[in-house]
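Trainee: What follows is each chain in one-letter form.
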Amino acid sequence: MKRLYISIFVLSGLFFSGCSDDFLDVDSTEAIPADPALVNSDAGASGFVTAIYNQFLGWEMSSFGWNAVSSIISDDADKGSDPGDAGGDKDIVDALTYNASTPSFQSTWEANYAGINRCNQALAMFPKLDLVTPSLKARLTGEAKFLRAFMYFTLVKGYGGVPIIDHLATVPISEDDRKMQLTRKTVAEVYAFIEQDLNDAAEALPLKSAYTGADVVRVSKGSAYALLAKVNLYQKNWQKVIDNCDKVTGYSLVSDYSLQFKKEGEFGPESIFEINGVGSTSTPGFGIGNYSVSQAPRGAGGWGWGFNTPTQGLADAYEPGDVRREATIIFRGSVLYDGREIPSTVANPRYNYKAYSSSFYNQEFTDTNLRYLRYAEVILMKAEALNELGQTDAAIPLLNQIRLRAKIGETSAVSQADVRTAIWKERRVEFAFEHDRWFDLVRTGQAEAAMTADGKNFIVGKHELWPIPTSFLREAGALSQQNPGGY
Amino acid sequence: MKNFIFSFLALLLLPAYMSGQAIKGKVVDSSGMGIPGAVISAPNSRTSADADFDGNFTINAKVGEIIKISMLGFDAVSVPATAEPMSITLKESGDTALKEVVVIGYGTRKKIDNTSAVSSIKSEEITKMKVANASQAIQGKAAGVQVSTSDAPGSTPSVVIRGAGTALGGRNPLYVVDGMPTDNINNINSNDITSYEILKDASSLAIYGTRGANGVIMITTKAGKGKLTVDVESFAGIRSPLKKVKMANSDEYVRYSNAAYSNDFPQGRFSANQPYNTDWLDAITRTGTYTQNNIAISGSSENVKYFFSVGNYEEKGILNGSDYGRTTIRNNNEFKLSEKVKITQNLSVSTIKNTPMPLSAFTNAYRQSPLVPVRYADGKYGVPFVSNGVVAETGASFNNVGNPVAQLDYTNEQQQTVMLQGGLKLDYDIIKSLKFTSQFNGEFYTYKQYNYVDNLALWLSADPTRVQSGYDTNSLNTNTLTRNRDQYFNWNLSNYFTYNKVFADIHDVEVTAGIEANVQGTREKLTIDRKNVNANSNYWSLKDVNVAGSVTGFKDEALNQRRLASYFARFQYKLLDKYLVTGTVRRDGSSQFAEDKRWGTFPSVGLGWIVSKESFLSNVEPINLLKIRGSWGRLGNQNVPLNTQLLTSGLDYGGLGSGTTVNSQVDPNLSWEIVEELSGGFDFEVLNSRLKGSFDLYDKNTTNTILNVKPYSSSGITVATPAHVGEVSNKGYEIALRWDDKINDNLSYWVGGNFSHNKNELTSLKNVQLNPIIGGSLGNGQNTKILDNTSVGQPLGSFYMYEYAGVDPTNGQMLYYKADGSKVAQSGLDELKDKKYVGSLLPTSNYGVTLGVNYKNIDFSVDGYGVGGSKVYNGKKAQRFGGENIEASTARDFWTPTNTTASNPAPSNLTPFASTYYLESADFFRINNITLGYKLPLKEDQFISFCRIYVNAINPFITQKFSGFSPDVVSDGKLVEGTQGVELDAYPSLRSFVIGANLKF
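Residue numbers (this note's numbering), protein chains in the order written: chain A, 3 to 489; chain B, 130 to 1130.
Don't take every hint at face value.
As the list claims (entries may be wrong) - In silico negatives: residues of chain A with every beta carbon more than 12 Å from chain B:
#1 Asp37
#2 Lys249
#3 Pro486
Said to hold, decoys possible - Taking lysine-lysine and the DSBU-like style, the derived pairs with C-alpha atoms no more than 35 Å apart in a straight line are:
#4 Lys409/A <-> Lys464/A
#5 Lys265/A <-> Lys684/B
#6 Lys962/B <-> Lys458/A
Rather than coming from a laboratory, the hints here were simulated on the basis of the structure.
The beta-carbon is built from N, C-alpha and C at its ideal position, and this holds for glycine as well.
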């Protein structure tokens, strides 16, 4: 007996000294380790890019906060909802009384950088994957670069110069990487970086027509040139706008404007870059989190929260007979295209029609898509650039293409100045609630006048840029400064 | 010559007599069974001995000298030694039961010989307070131990021992139940516990190495002894909120809200005459009831000790519809297979059935307007719709708060937990002084839950104008069902030798050495989401059902295993029965760290000196015991996730399939959190041991505290991962005093108390560029805590916010102090410069008092508990987005143009900045327990040998400064990054009254 126990003990001791390190090697079972060998396949590589697209479904990236800083802030939209329901900060964003701690500016910052991280993770992983089809790897690299450029474009339009994170930082972080993450670059440097990414993407990406099946949701060569044109537009590089617009081929305007905001119109011939929501009643879902419900009719007979409502000013901006008015705005007491009645008891007079989903209208995850780039914009960008270069006569027919599709007849503008104003006005009604208005107002210098007309106090020298979030400035210390104007 | 010979013999014998002789005897219990392990001490001869397996002992003492015989669970007796074999009968006792021996890791130790700080709580203290979890019952009973409780049925109390050294979530102590390391004791019936011991200092904790840093609570469950006994206990009680926050009534709400909406509705949004005035807290609560019934059968024979118990606890919570029930079954047996081999087996089964109700109903009741009815006259649920100034079934909604009564009515959730815990222990006396122990323990946990949501009913209840035909069943589910299954198996195997020998009568040596393996097995979680199921739970089987049409989500998770491999050794040495040395060392390997960061060594040393045994004190009558202790040790904490860089998956996108990225940054240098502690103290007993006390001082230093840290926001990494952050110090002292006196046979009493003080401080940061950790989120963009470069010198859990400077008499706006001391409104603040540290949620002191009287057959006792020096943030009060109710105190005194000196600002729907306006003192003193019992005068040989009837009041009184529900806030238990110390949800503490009886057959 004694010998038995002693030998058990000695044996177990030996077991420990010999194998205890094996005993302590525990493999992860709850998630896959970030080991390139485990994702070294076409599907593995594709997953890294899918995750970037997925970022655009996020509540922070594309929904409540994004509506605040791109839409409610402008003259197209009011906070909406009940007077007592501020939605956290939507009231102060609407009133232009926000500050650097206002959550929507912080969430937008963080969401875009989270997306940029996904791009950088993909771009860092691809060189380690030797079993991926080379042509696929090239295309995926192009997609990642386009999406990274798109997010930097959002950041530079909103915040001005921002830190450029073009690679993954070392762990623990090196001093160089720390400076990279915390130092704001100039606006010009950010634009140069965006253009570099877009040129790479344009080279690597196929035409939209080359995509089949589910792949139609991916970005294509046309997406890269269209975004490049828009980036040129913001820098007033008019000739480049024209050149790049001309490279966007294979697209056309759809005849029914309203169709492209419905499920059956998604990824149509006009669609250049579109975020694809998938409606479902289960969690996790793959629609844009609460995008529809947060903007849906509120109060008795409604089903949503009623934020981001079209202003009277926008409703009045449409010329008589403009089909886009009815396609953009849900009016209290009206009947929707699918027969749904909006009772007169709902809280607000108008709601955003482009956020409506017929099949999943009151779900967190709906099939509503976000249209970020449409061929109509390529046409209007080219028109604007031609007009700025003095080729007003060439610009007018382009403008008329858009107007005729909206059933409002040709423009009466003739002079360069009038055509310029007409194009700007056309952009407002064409792209209303497509997250463009605020940036367009700032870009074109109309912001102060438009805000004044909307009853808001736009401070020149301050409100052109959003505040840099306090949370970032606290991290950055002396490396970065707040935007001007006394945020 | 005869005389000479006689004298010579006397001379020969005298030294023998003087130096003592072998006194032999047997210690038995009242049934005549030998008591193995009884301690026999001869104070004058300064020796002691242990009884063997049969209760036989031999001790070197003088005939006629008083020897003392004591044993865990029995009254000690003192008798004069006789030359003939002695027979000593010990009587079982509750009172002095556990004073003599303390349970330490991998063994027991006579308390007198122990060099470390251990708080022992007697079983009767644990069962005196009629609560479900033993840890709640010890609140205030042990110096240096801070217990926070929530009175939600089935909740787990948080226990912090000697201050918070780590800020991570894993701050709870390790529980060791009969040798099984486990996370909580929700499955343990307090009536089955025989000892509850809290190891507090490094000397006692180092034997637990990597898991000792937060303290260890050793729980020993009962064993049988003596003749067959049946113990029965039954009680029943009622519960109600201890403190309710007074909310505004309809009139006050109307006045306040109209002022808040004065811009949008100059004429007033609500008219003065409202049809309803609802007290929502009353509407969702009821008087709670609870009962416990317990039967234990125990006893022993020559070779077997047995204990069997069944207990049932049932509670109807104060929140309408919440039920909680627990049934425990325990079987502990000990078999003596031979003179040398003993096998101990224990098995516990507990089943918990919980029908929880969402605690957010309390928050909704706090927020919902009193204008809204529970139901309209037509039976439909009230909603916050206003039409023409009056609440009605249609109109504009004026807040986003649901109807809490509807919320409870449509909650249908049930949880069932089964926990099996068991162990086998073998003790083998290889030779007289060498024992081998092998112990295997395992626990198997299984959990199932369902949550049925009646979407259609909720949809209808949210708007009285809705009719069922308007429900779009094409896109919407009529109902959804979530079912969960969760299970794991953990095991622990330890093998160790214990060598105990006294050399040359004065060198008492005990050495323990062994190895241990611990596996926390893979936790498997299965979740199934379904839709449009039959409302009757009997028809939820998926047999032969088309899964595609019914199942909307399916998740099968396998959480990571954790493993520990350990070697440990302890050396205990006692010289001349008064000089004590303990040394321990443990070497642990943890699977949680990278391969080269895995192993850590945790040594400790403890010294003790029993001064009262020195000759210069032995004759000082008033001093019965004086012992000085000191110790140093190093401990570790490995409670972090597996340190492997993982992928984040499930990031799918319209038709493209599965998406994957990396959204965390694992620090390859992560290793143990190391705690070093230096501590010392003394124990004393004076005046015939009537006054007993102890004093302890400690200096505890967490040299590399682990916190979850995120990379900079622009890195885009959004998941925080553990990293070594800095150094945290806890310094404090503990005092415990107790006076027991027996005035005559009929009357005895005690008065006792303990006080502990702890100073917590972040003393330095490892990385000067630490990315700020923002915590205490109020869920509205406002945060109340921070840990960054500026936090050095502050306690952990410090609140960081603006300092409130009163109401601006000109417009009623809230004013705040800027860094330069000037007062500004919200818009003039600079978040980077004007926020300050305004105190911590960690108390600097806590204290307990106890007093009791026994008169004849009546016993009476009172226990109280208090904390001092902590703050609490009234987060729920700071949550008014607009349209929610306000507290009556706010509604009755707010700024208006005619009341410019009011203490509260003008009503506003602006999200208020986190400021000291909402920060309140969390100090409180509460009477935890009052017990009055009466023992029926029964004879021991009657069928019913014992019967005690009692009444018990739990938490009958509290004094608190905090205006919320309870300053004893547990919340998410996350000190820095979480909401600990922030009362966001309103859950009241409860007051209970109980009546019950104990019987013995």
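Trainee: Just pull the numbers of the violated hints for me, sorted ascending.
Mentor: When the structure is compared with the hints, numbers 1 and 4 turn out to be violated.
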